[in-house]
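Once you have looked at the hints, place chain B on chain A.
Number of protein chains: 2
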Amino acid sequence: MDLTKADADAVKARHNDAAGRMEKLRGRNLSLDMTRGKPSPEQLNLSDDLLIAVQPGETDGEDGTDLRNYGGLAGIPEARRLFAEFLGTVPERIIVGGNSSLSMMWDVLSNAMSFGMPDGEGPWRDQGAKFICPVPGYDRHFAICERLGIEMITVEMTPDGPDMDTVRALVADDASVKGIWCVPKYSNPSGETYSDETVQALATMPTAASDFRIMWDNAYAVHHLGDGPASLSDIMKACEAAGHPNRAIVLGSTSKMTHAGAGVAMLASSPDNIKDHLDKIAYAMIGPDKVNQLRHVRFFKNMDGILAHMKKHAEIIAPKFAAVEEALEKNLGGSGLATWTKPDGGYFVSVDVLDGCASKVIARCADAGVKITPAGATYPYGKDPFDKNIRIAPTLPGIDEIKVAMTVLTAAIEEVCTQKLLDT
Amino acid sequence: MDLTKADADAVKARHNDAAGRMEKLRGRNLSLDMTRGKPSPEQLNLSDDLLIAVQPGETDGEDGTDLRNYGGLAGIPEARRLFAEFLGTVPERIIVGGNSSLSMMWDVLSNAMSFGMPDGEGPWRDQGAKFICPVPGYDRHFAICERLGIEMITVEMTPDGPDMDTVRALVADDASVKGIWCVPKYSNPSGETYSDETVQALATMPTAASDFRIMWDNAYAVHHLGDGPASLSDIMKACEAAGHPNRAIVLGSTSKMTHAGAGVAMLASSPDNIKDHLDKIAYAMIGPDKVNQLRHVRFFKNMDGILAHMKKHAEIIAPKFAAVEEALEKNLGGSGLATWTKPDGGYFVSVDVLDGCASKVIARCADAGVKITPAGATYPYGKDPFDKNIRIAPTLPGIDEIKVAMTVLTAAIEEVCTQKLLDT
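As they're listed, the protein sequences go chains A and B. For this note's numbering, count along the first sequence from 1 and bump the result up by 192. For this note's numbering, count along the second sequence from 1 and bump the result up by 192.
Some clues are possibly wrong.
It does not matter which identical chain is meant; a pair holds if it fits inside one copy or across any two.
As the list claims (entries may be wrong) - Here are the simulated DSSO-like pairs of lysine-lysine, each with C-alpha atoms no more than 30 Å apart in a straight line:
id: 1; residue 1: 493; residue 2: 575
id: 2; residue 1: 595; residue 2: 534
id: 3; residue 1: 504; residue 2: 580
id: 4; residue 1: 563; residue 2: 472
id: 5; residue 1: 575; residue 2: 467
id: 6; residue 1: 522; residue 2: 493
id: 7; residue 1: 612; residue 2: 504
id: 8; residue 1: 595; residue 2: 575
id: 9; residue 1: 503; residue 2: 204
id: 10; residue 1: 204; residue 2: 504
id: 11; residue 1: 197; residue 2: 503
id: 12; residue 1: 467; residue 2: 563
id: 13; residue 1: 429; residue 2: 522
id: 14; residue 1: 575; residue 2: 534
id: 15; residue 1: 563; residue 2: 503
id: 16; residue 1: 503; residue 2: 612
id: 17; residue 1: 472; residue 2: 575
id: 18; residue 1: 467; residue 2: 534
id: 19; residue 1: 504; residue 2: 467
id: 20; residue 1: 575; residue 2: 563
By construction, these hints were calculated from the structure, which means they are not laboratory data.
Here chain A stands alone, though its shape is the one from the complex:
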């Protein structure tokens, strides 16, 4: 029954029923956490051979370099080759770094603020830099902008990616609009993969800023749930073909492929951008952990190895996403109280409840011992203007925990949203 169109008695009955279930659930003294986009121990186990992938006496690289010693700022050749294939580029256009692509993003933007970018007119800091932030999006992207004083302009996501009419209008005349955050495949949190038309539009659109940058955080490049991965157009090739070779900066990492805290991250871009980035980071480091890069190359062996490995991840996490979907459909399907994503990959399910209800739902869940990511976390400055978006992270908990947590979450949504209907 679509409760948004039902009579008050029906809404009241559903509300009372949900409130009763919530009361019982509170009595169970639960302690569950659905906030963290972290792999589960079972997923981490898949990569434990990484720990023994480089044995004593096996630390020379393919070019004879002793990888235990200092140096190698751009990463080791064999890792650059493997991860170039992974990101769809050539080894000369990739830097393989340490354990965090977030650090690479921070390095790109903090250095752009202080020292500028190729094709540009000096430090962004002096130009009142702004960034386009498709919403909902990744809180850590937004936090970097907020910290650096880069003003954030939100643009709504569509099933094909950010609303490109709005994006085009924003970048056309304002030279202080310096870039856009993108999670182009299985977007965080709403799961969309950018369409070919969106990629093409991003690559070709005229921008007032001569040093406009697309921060292409391909965090879920091979993180499919079904038969995927979904296909995604090559942003670097598209930008180059459009005469904007330096526009795209592509980020990736193995954090959700091997061991989340002990992986390797990578940045791919044009020769100009790669040289610029290496020149900048040379002040802050001598080189990444090359032994760990070698571990990853030995462990994966090649791109086929990566894809086979990711199938094993999918086998573990797909049932968890199915349990979330099942609970949402069973308890909220047709109710009109919420809509949600059914992602083909990535790490999140995004639920939109009735406007003004997300914070209350999350508070009700907390009362019942179920932690949900704070409302607003997926928006710049932590403020969801409609207070409607809830992000569910199903990878870390066990499937039985997910089922219980979803019982709580759906009951809370029913209770809070029916109350809103009764109040209006």
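Chain B alone, transformed into the frame defined by chain A:
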């Protein structure tokens, strides 16, 4: 014979002899590199058990945390405990990070420029920040300042550390003098260990800047050559006792203890500074490679393990330093053409030749196939005002290579410096 006091014929004879030797050496088509302060393969071999120190199934930390996953910004408790002892502090006052203390130094100063420091009055960038740089010193320290636009003021090193009368005068009235670089033990490149009086003076001196910082890069804390390590007063305790608890920021790393590119770095300071630093780096990273921290704890076990391990390093590199000393003494002893250090630890021998001769000596060596660190590298902006300092890095080459390279270097010094005597 002291050639600076000898007659012209004697100088001319020595010059001709040295020039003849240089000509023969050039004919040998040598290719030797004495530039790099890197450990040798034999030293790296000492730590190869690190590669197998954490096996599958052994990745839980002492507090039950799965160290393969995300998180743990300040480092794992067991590493904080071990390296707190190593740096002479308590676990709460240390951050154990990734593979580079240089990155931590960059983070401290770049964030200070953009966001300021505890006790301060906002971003250093707005205050025309200056830094005191004892010379000769470490080129990468100076490069960070130059890059960030921090003006460098040089102060001469003495056998007890930087000339403290000059330092005291510089910091007393100028609030834009924000800090000082120190390599307090076996200083890079000149090998001094700061005296207790110097440490006390640094801790107690009144500074016009309320947020003055001592960047205490204790890179060679346990890197002795003989019976050491030399004792060094505790700068953090001294600062705290003097009522300046936030003045000292202590850096260390295992780069020259285990595998140079795959070690762990650490930063120790007051509770205020630790909190401030964690708040700042949280924008740029989720956590360090905790598995690699665990490897180091398992490998070293405890402080005794660290000290025993460093004795093995000393056994490998002490004969190399002895070969450098022997060549210098044999060829230049009593000549008046050069003075040099006889360090008790660290990674370098520092040679001062006659003023105006360092660049020429290094060029002559290059002609003969022996690479020496460029003249001026040990001074801010790469400029040695007297063109006299030459840094020798004896750890990486084999002892036979060192002997040949020193034959070249000492002959070049004899040839160039005697020419100077003849010209003046």
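Hints violated by the structure (listed by number, smallest first): Numbers 1, 3, 6, 7, 9, 10, 11, 13, 16, 18, 19 - these are the hints that the structure violates, sorted from lowest upward.
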